[in-house]
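*Asks:* Residue numbers (my numbering), protein chains in the order written: chain A, 88 to 290; chain B, 32 to 677.
Simulated from the structure, these hints should not be mistaken for lab results. Treat the hints with care, since some could be wrong.
35 Å max Cα-Cα, derived DSBU-like pairs, lysine-lysine [stated by the list, open to error]: (1) B:574 x A:212; (2) B:362 x A:238; (3) B:510 x A:164.
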Amino acid sequence: MSQFVFATARYASGDWESAPSLPEAVIDAVARYTTIDVAPVGVYVDISTHEIFNYPFIWLTGHLPLRFTDAERRNVKQYVERGGLLMIDDHNHDITGVFHKTANEEIERMFGKMTRLPKDHEIYKCFFVFDDGPPNTHHELNGYGDDLLHKYLDAVIVNGRVGLIYSSKDYSSEWNFHADTKKFMQQDPTKFGVNLIVYALTR
Amino acid sequence: MTPRERVRRAQQKLAGTVVITALLWGATLAMAVVGLAAVVDDLLGLSPLARATIIPLTVAAALGAAVAVLWRGRAARSLDRVALWIEEREPGLRYALVTAIDPQIAPAAEHAELHAIAGRVDVERIVRRAWGRALGRGVLAFVVLGAALVVLQPRDLLHGAGIALAHRLGDHPPAPMANRLAGFSARVVPPKYSRLPATTLREPSDIAALIGSAITLDGKGPPDGVTATWDSGHLAARAGERGWAVGLTMPKSATVLTLHDRAYKQLVALEPRTDSAPDVRLRLPLHDTTYQTVPKGKIQVEAGLTDDIGLDYGYVEYMLSTGAEESFDTKLINGPRIALGNARETTIRATIDLDTMKLSPGSVLHIRVIGYDYNDVTGPGRGVSETRTLKVAEPVDSTSINAAPPLPIDSMWISQRLLNMRTDTLIRTKRQYKHEEFVHKSSGYSNAQEDIRKRALAVIALLEDNGVGGSFETEVSKKLREAVDLMWTAREDLGVAQPDSAMPYMKKILKILDEIRLANRYYLRGLLKPVAVNIERVRLTGKDSANVGARSPRDELRDANRALAARLDAVAALAHTAPSAAADSLVYIRVSALSTAPAVAGALQHAIDLLRKGAPVDTALARARRALEPPPRMLGGPAEWGGVLP
Chain A
88 MSQFVFATAR
98 YASGDWESAP
108 SLPEAVIDAV
118 ARYTTIDVAP
128 VGVYVDISTH
138 EIFNYPFIWL
148 TGHLPLRFTD
158 AERRNVKQYV
168 ERGGLLMIDD
178 HNHDITGVFH
188 KTANEEIERM
198 FGKMTRLPKD
208 HEIYKCFFVF
218 DDGPPNTHHE
228 LNGYGDDLLH
238 KYLDAVIVNG
248 RVGLIYSSKD
258 YSSEWNFHAD
268 TKKFMQQDPT
278 KFGVNLIVYA
288 LTR
Chain B
32 MTPRERVRRA
42 QQKLAGTVVI
52 TALLWGATLA
62 MAVVGLAAVV
72 DDLLGLSPLA
82 RATIIPLTVA
92 AALGAAVAVL
102 WRGRAARSLD
112 RVALWIEERE
122 PGLRYALVTA
132 IDPQIAPAAE
142 HAELHAIAGR
152 VDVERIVRRA
162 WGRALGRGVL
172 AFVVLGAALV
182 VLQPRDLLHG
192 AGIALAHRLG
202 DHPPAPMANR
212 LAGFSARVVP
222 PKYSRLPATT
232 LREPSDIAAL
242 IGSAITLDGK
252 GPPDGVTATW
262 DSGHLAARAG
272 ERGWAVGLTM
282 PKSATVLTLH
292 DRAYKQLVAL
302 EPRTDSAPDV
312 RLRLPLHDTT
322 YQTVPKGKIQ
332 VEAGLTDDIG
342 LDYGYVEYML
352 STGAEESFDT
362 KLINGPRIAL
372 GNARETTIRA
382 TIDLDTMKLS
392 PGSVLHIRVI
402 GYDYNDVTGP
412 GRGVSETRTL
422 KVAEPVDSTS
432 INAAPPLPID
442 SMWISQRLLN
452 MRTDTLIRTK
462 RQYKHEEFVH
472 KSSGYSNAQE
482 DIRKRALAVI
492 ALLEDNGVGG
502 SFETEVSKKL
512 REAVDLMWTA
522 REDLGVAQPD
532 SAMPYMKKIL
542 KILDEIRLAN
552 RYYLRGLLKP
562 VAVNIERVRL
572 TGKDSANVGA
582 RSPRDELRDA
592 NRALAARLDA
602 VAALAHTAPS
612 AAADSLVYIR
622 VSALSTAPAV
632 AGALQHAIDL
642 LRKGAPVDTA
652 LARARRALEP
662 PPRMLGGPAE
672 WGGVLP
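Next up, chain B with everything else stripped away, as it sits in the complex (with noise of 0.2 Å):
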């Protein structure tokens, strides 16, 4: 290959390198401007002017790009500027290929020992280096700006600005638009923690989302002149998908938010939905316990977790107060994090060993249960158990704490446990007894087990007196109850001698008297005896005289339930009229009702649709109506309201 031919070669590759990195810089250049404009409008927002000059701009910084680069690597065009190029890079050659490539001047057959000079450069290797250099920069300046454009998403700006640009091109006004807001949608994407999918609603009255959710409303039509405003907030709408768009987040409260285009509005109710937060509940310890004694060993804490999105992690919190009267020091003790893996229903299980907690007479030991959810918008959402409170009473407090006889539970088990094997007996040998012999004998053990309820109820008596009087239900009071119940069953099945019958339950009341006598605890009951005051001696005796300031009385409490009603009693009057106004209006009452009265709020939300599709909304109204009004009161029968009894 004659010099000649190797530097044309190297022009055609240069050529080529032109053209491309021209491109390359033309869209790197272009893709910098979108860029720029939509981090612009992101922060700032920009005007319709602004949005129509977008895509101009963008082209000519493309062609601008380009041209520059085509324009300094004109060079290329010429074959003795592209010798010329090579012999910079190759100062050895000292002109030998720019004169070798010229026939007229050093043809081949005269100047071999040139041409051998010339020919043994490596001109692919200066052209490749060149290459790799121009399009190497481009592809990285391409790349970065690509990767950030992915990030930015402009293609909604593109097309706002695409319209913005068509209606500044336009030669004639634009045709008169419809309504925007007609046939408009709403986007929902509630918060990534609660994993819930997205939801699209089309021309909703009413949105209830998690707190926190993104909504996104969008319609057809350019977005210049559609706002959105609510109570505390104000939008413009920016160029979307369809057209418009409005993008908010659900608020903490109810609120109204209108659309509004030209002169006209959208009401929709936005109904924030409240994470709950999780539900714990203590199942061991049972109930709270007084000691006589210092306890000893371990005793297991027991807690049901639920969320309705998604449990955290959860820990067992103990508290111990050890002292006397007026001086107690109190510890709080954090039980290890358990992590709950987002679960909506679980069990927490922990130890307690009270050998290590160093109880003395006097200390309370308080134990509850925490669990955290996953919301990371409005949360976490804080769950805490009941407390359970396990003391160890003082030898003092026999003055005033009545601690509650040992429960004969023991004994009570016992004889149910020889009563149920006896009957146990009595089924498996029934066929070698007469008849009347079998009935005799579960006639007996009918009688039996009457003995052992009323030694229960006795219990329940003991347990239920709060000591002044009153009496109050407790844990194992409770339980005993529901053993009373099974033992009249049972003793009913084994007086009509069916003993077969009466097993089920007198299994059931053992395991039940089994699970008391293993709690083997005393109940604080206290008894303290109050001084009486001799009221008659000391009245109007006081030194002291009163200046009595004003006493106002107390406000009248104002009836929430009545005004509702009245604004739905003028909103019926409209609903024949101004179907349209009324709906509006009932979106604006079942907002202030979401929080007063649900029942009334969902009711409501029924009118409003019918309103909507014009359909007769006098049945749900009135539906609506009766939920405001109290229950209607039972009468006990006829002789209430019958007048005299015969």
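Bound-form chain A, shown alone (with noise of 0.2 Å):
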């Protein structure tokens, strides 16, 4: 079996790289908690080429608007609908921000109007048990951005498997960390990244 990679999107018109020590911290807790042979280190991913086939799980977030070129959007339908799993995650945490509108609109372009994936969802159970659904970020705790606990995620399910996840929790902001740090930590929040990556290994 190969080794699991992190990969982060990289795409054309906005701020990919606007997380840039989530991998690490979401890395760690793989290794942390699991016996998945993962890559010490992540990779960064153009979703316009084919090189994101190579990748079962792909992290997209960013501030600006995600507005996908043609390749882009081609690549990112097939790697759906093929058996990827793309987490999009809304960096602004804010649903009247234009990375959720446009990222909205993509979404919609390619796969229609997403499911809101329920809390006694697989994904929140595949590993560690999250009995609320996603788990609140402290953005979201604190107030800032749009200033709501977002208590689902959406998604696109492609015969019967969630292929694309959309949250307005930020974990980029909350995932956003040295590793080193969790031992300062009394709860490590990067445990439902885990859940995400066994979802998208084993289903």
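Both chains are sitting in their own frames, so use the hints and assemble them into the complex.
*Replies:* Here you go:
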């Protein structure tokens, strides 16, 4: 079995590099809690290239408008329909912000309306169990962005499997820290990241 | 003219007026009954019995109205009553007229004064006024109801009513009817916005039309008992021009419509055609750009728009984001609407004045063009171009962004231009050189061309390096590759002392380099240095233990093609014994294949047509079956299947 490599999407329209430490924190969590053979370093992958098909899980984030090029759109559609899991996280944590609006427009253009993931969905219990659905972030609790607690994640379901998750919770801010910092934390906030990766690898 | 003669003339005119008015009101009442029936039929649908009563009711209403008017005007038959009617309108006569018209009571010779008084009255005026009043109302009612009938178009209703009445009046039970579905036809009227002509199809097994098209199926025979059903609807036939008719609108998804006439039935596949959304291609700006400094001046936006039916309007959308890190402010600006006049292909051009945009380091400008079509049934269709992203680099970007160095395109362009000039001179002065000298010079230019080609290849490598070990093609590198290919050809021609042949290629090279040189842009190339996690150190050191719930395996994907193939095999077995049932089954299979396997759907239509004609269908079914199979795999050559290499 080949090694799992955490991939961050690089796209043309926005600040794809806005959470540079997130891969490190999630890779650390995967190693800390699972026996998954994980690469110590993440990669940046241009979603306009076929390179994305080498990675079962891709993280995409940003603050600026998300407008895919034709090549990016074509690749993302194929990626999701062929069994990949693309996580799109709104780094603005603001449903009135441009990232949210443009990302939703792009997703709807490719896949139609997204489905709300129920709190008892498999993704919340495939490794760690999150009874209340997606864990909240400090940015939500502290009232930044749209000042809302987003209780659900939206998703594109393909053949009964989640192929794309859209989050307004801003995990990109919550998990954007050096892994060593975890020793000062009471709770590891990146545990949900492990669930995402386990789901991507086992479903 | 004596008073008697004048009253007699008035009597004739009044009698004529009564007759004409009676006819007018008779016709008006008949139209009112028909119009009312048409409205009720449209809203509620009339039963066959109600239809059968329309014509008798109409005739009765017409006769009733005419008789009523004639009865009211019966006084016009009597000369005395007419004279009294005139006296009633001219009280000043004091019965002089009534008296004067009777020759026995008041002969003219003896009652000259009386006759003179009676002769002064303007009988014509009185009659004219009465005539105008009586006819005016009738004509007005006639015109209003006539206009209403033009709108309601009750011709089909009356035709059906006549048939229904004939059935009711018949002394004997009607003769057994033939299959009323035989020879049916379909008239398809596309939505108005499409500007497509209406078409008529004879006994179609498949109707392909734009969503929203009005479809009227009609045939011979009375409408009673003819119905049309499909998955979401049921319609009873109405009276039509030829007999029965069923009208419906092309639905949004493919379906099979079944026409029923007693035990007879006919399947018609309804194949909706979707109006494509406009296709919008952004031509300018050519590609995304990162400016190292705040840009000034104007940039051109140009997009090509095409639509299968017609474009309504379009506009340029700008989205300007300013800010840094986590704090951005974004403004959405829509350019003025540009009317596209229902064109199928057109171009939108706009100019952006960067000086007015208040750009600053960190600003990001997204540009795209949006077009709408004329579809007022399921649309309007919206087409969106790719987005071009123009960024202004920030000073801090140097830590995360490695801007490519200015491309050495300028120097390359100068070298190529010089080489072109020299080659041109060589061609013009060819006669001045000895052959060896000419070959030597041309060969030297060939080397110079090769030198430029190598420099271009180096730039391509620089452009396509994505900084993390991979590569990707950019718009500029793509163009530059085109130039490199031309350089190779030019170099070859120069090398064999044929500068004439090389020159056209060299001109093209210079043009391409010029285009790239004028772009004068730098490209964002992210180069983040990810931190490596010490996996061995942290492996399984987490304090939280997982409480893993059930992980269900991925569902096996349903093989739609295999299911379709099984259905086709079943039909193939049926085709020889029950071709009609096989054709009906194929109609259903075809409709379900329209979205999943269009190639199969196309092949099946041929098979359906053959089955309905009673022709052999095996080949057509085999063709459809083959369309379900994966394409044949190409083998590399004999070694792959031929076994051991010599």
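*Asks:* Confirm or reject each hint.
*Replies:* Hint by hint, here is what the structure shows:
no.: 1; hint: B:574 x A:212; result: 18 Å, holds
no.: 2; hint: B:362 x A:238; result: 29 Å, holds
no.: 3; hint: B:510 x A:164; result: 27 Å, holds
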